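K.L.:
Starting from the structure of chain A, add chain B where the hints point.
These protein sequence lines are chains A and B, in that order. Note that the numbering used here has the first sequence beginning at 10, numbered continuously upward. Note that the numbering used here has the second sequence beginning at 10, numbered continuously upward.
Hints in this document: simulated from the structure, not taken from any laboratory. Since the model is a prediction, treat every value here as computed from it, not as a measurement. Just so you know, nobody snuck in bad clues.
Distance condition first, Cα-Cα at most 16 Å in a straight line; then the derived EDC-like pairs of lysine to aspartate or glutamate:
1) LYS124(B) - GLU531(A)
2) LYS425(B) - GLU391(B)
3) LYS297(B) - GLU326(B)
4) LYS425(A) - ASP396(A)
5) LYS425(A) - GLU267(B)
6) LYS535(B) - GLU128(B)
7) LYS124(B) - ASP529(A)
8) LYS364(A) - ASP396(A)
9) LYS297(A) - GLU326(A)
10) LYS425(B) - GLU401(B)
11) LYS124(A) - GLU531(B)
12) LYS297(A) - GLU334(A)
13) LYS425(B) - GLU267(A)
14) LYS425(A) - GLU61(B)
15) LYS124(A) - ASP529(B)
16) LYS425(B) - GLU61(A)
17) LYS364(B) - ASP396(B)
Residues per chain, in single letters:
There are 2 protein chains.
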Amino acid sequence: MPITGNMIIGADSVRGGESEIYAVNPASGERLEPAFGGGGAAEVERACALAEEAFDAFRETGLEARAAFLEAIAAQILDLGDELIERAMAETGLPRARLEGERGRTVGQLRLFAKVVREGSWLDARIDPALPDRQPLPRPDLRQRHIALGPVAVFGASNFPLAFSVGGGDTASALAAGCPVVVKAHSAHPGTSELVGRAIQAAVTACGLPEGVFSMLFGSGSQIGTALVADPRIKAVGFTGSRRGGTALMEVAAARPEPIPVYAEMSSINPVFLMPAALAARADALGKGFVASLTMGGGQFCTNPGILLAVDGPDLETFLASAVEALGGAAPATMLTPGIHAAFDEGVAALAGNKAVQTLARGQSCTGPNQCQSALFATTAEAFLADPSLQEEVFGSASLLIRCPDLATMAVIAGKLEGQLTATLQMDGADIEAVRGLIPVLERKAGRILANGWPTGVEVCEAMVHGGPFPATSDSRTTSVGTLAIRRFLRPVCYQDLPAELLPEALRDGNPLGLWRRLDGEFGRK
Amino acid sequence: MPITGNMIIGADSVRGGESEIYAVNPASGERLEPAFGGGGAAEVERACALAEEAFDAFRETGLEARAAFLEAIAAQILDLGDELIERAMAETGLPRARLEGERGRTVGQLRLFAKVVREGSWLDARIDPALPDRQPLPRPDLRQRHIALGPVAVFGASNFPLAFSVGGGDTASALAAGCPVVVKAHSAHPGTSELVGRAIQAAVTACGLPEGVFSMLFGSGSQIGTALVADPRIKAVGFTGSRRGGTALMEVAAARPEPIPVYAEMSSINPVFLMPAALAARADALGKGFVASLTMGGGQFCTNPGILLAVDGPDLETFLASAVEALGGAAPATMLTPGIHAAFDEGVAALAGNKAVQTLARGQSCTGPNQCQSALFATTAEAFLADPSLQEEVFGSASLLIRCPDLATMAVIAGKLEGQLTATLQMDGADIEAVRGLIPVLERKAGRILANGWPTGVEVCEAMVHGGPFPATSDSRTTSVGTLAIRRFLRPVCYQDLPAELLPEALRDGNPLGLWRRLDGEFGRK
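For reference, chain A alone in the conformation it holds in the complex (with noise of 0.2 Å):
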């Protein structure tokens, strides 16, 4: 079935009647077809609607037809074959490499939460049996498991079509933990947003699940985006986006009669620390390593590296000789859309024009529109200081080294960052003392601390952890990739003294589930 424009709306394909909005192809700057329909206060409640109807029931499905419906949406995914990389490819001017690779990622995580859903421990069960005997009361029988929050807006990211989209992370920790799911779908990739939404859809039908169980929206500007975050039936969001963006989210969360909890993944600048050792070791390694990092998928990326820090000399000029040479051969990226690269062209401009700061390099000229010029700039670690707006993200393959007259100065600034996503340790074994005195400072900046990699590409597994202090997120509790992201859409609750009979599986005497337990304080399978 060709693209049709049309939203999703439970079972229904609803055709929105508020605004109209075209793809465009960044590449050329050519308007896509079709145009998609958006919606307005109309569908927003009939998708909340359909998700609050579908709630009880989807929550408690069983672990295990929860998890098929995990699968099965990978399995739809797939089957949507090259038409769906062919669409992200126009809308997104990102290649196919990336965007097959991109998929995959897509379809691991959702089969990844299908085994965390199967194996069940994100339920926390714990029981304290009654002690009917004790003095000088007895203890009641008290059970706890956790349950879903409710249904969850879900807002897609303009940099990860498929990853961080309509089927992406949120979307399937979501309905890993038994919420419905309302997308508002980004904009800059419509098609692929409703070939995702369709197969989602259709994972609902073959599944046999309550059709509110998901439901996709379209619409320009903010207006649908805040009528759903208003609705007093969501009771999470998940967003993936600028700090505007997301800020303006949790304003309308904290102000409703039932403030709810927002999960926003915004900006980060990702701080690298070049420590001496290793930069004595293995500057030139080491400039190509951060020049690749810096402009891979056009340095659109929530961890690209946009500071480094390091202490001025010879070394880092190595460094900087060889980074230079790289960031100039680099290619020209076309960017995701024509706004990101405005943004783009504007924060390099204000640093260009900054008269603290100094322009080390440029990458390769545009050759077409939307197209990123990777740049590469230096202050000091006084101007860093003084000027809090060279701490603002600049999404695109940009970079600013602040050069530290010593060690002492780094970790003062690193003490001034604002929260962060990662923070990035090149280092070697003469610099373990060194950075065991910032790792410290770093572990409250940043939700992962990484040595000797660079911070671009997130593994989706247990020990992730993609979340941060403001404003790298709104809720440093949480990561928005791996399996601990599933908690973000979970709360506890307590049965005491409950009749056997209407206490859920998960926390039945001799545990049918299988679950690892706390029982009377002991964790266990029993």
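P.N.:
Same frame as chain A, now just chain B:
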């Protein structure tokens, strides 16, 4: 040492000069000596600076050292002996037995968190070993643990001068997580607060911890509390009190340049559902049991049963006859403060003056100042649904019966309730199917669902949830009682390819701490 009226800032005893606070004996209306000096911006600044200074060292104390510290606090509180109980009696009007019990609970709570800290599951350690040969890309070594959020502001509650105050559950769980604590003492029991604060201060010294691990401030009005929550070094807030107080702190926290989580336990009317078969079988006993729960401690519990729901009919009349008789004989209880007493009288007067509300019974008349004369009211389902003011909490021994025409109406009302700490079911075997339909509604409304008990009485254990959707609390994903409370003060950090000697002990190969960890996806002690 006699009570000084001084604040505790780290190792110092500091006289506040901003205001003068006296405790009042609510039973006599008399002012108690000494005067307590309220602090201001300078003391907030100093307490927060010390907490920040202490944070990195304190959060990395070993599990054994941290547990021993919590146990030392418990011992120091017990060492205060009868002076603590007598001062608390004078300041709160609560009887000796209740306060001795509360002391036992407070000490037990600290010891339980010591056990939790030692066991270490809260670190949620996860290790995904490197897969260097994986195709198309190798996997790096990824390890995750949880770390403390940062210094925490705790607001003591008026109604539990020990268990939810200076050394109560918020403080115990924040310290267990590794967060320094700055307490804003409740002005209703400043002497009790000073004694407990000094006990904690002594434990800090005895355990050789940095002095900033604990401070305690006095202050009248909301100024000092607002300054504390707004301080950039504070990273989370624990609060037990009124809806107005809690939402005010939520607003301050959300408006910060870096918003922080607020865990406010606020307002709950704790519905009790009297199911038909239970009423038929034991209406008389239920009436007596209900009044005992309603009037316990002057009704000054967060989980006090503020509304009753039942289907009209002869069994309900039997229940009411029993309840009215019991309530009529209920002695008046001294309330905690003149302010709480005035608010109770106001709330009762509003109900009594509501045309849709019938006064069924009042307890015995007051014989002294600040006493609570219990009250039982009734209204119709229709009136309750039409008037949101009937959902407002009246703190004290007052309850409102909602006469329902049928079970379906009872379920409709359940669905219209605001968030609650508890929902109670009085039920017999023949009620099972009706209750089965109610449970999904109650799970969405309350943190704890209990059968055939009364909501007052909150066990401190693994499975407890003392929480619930707004406005019962500000964050339904948490509990303020029980071991899960520690999770409020933690956030995950991921370490990628970090050299072994820099890894935190919890994440080292060979599991030196003997923790439950998730290794390559499998739970175990490896």
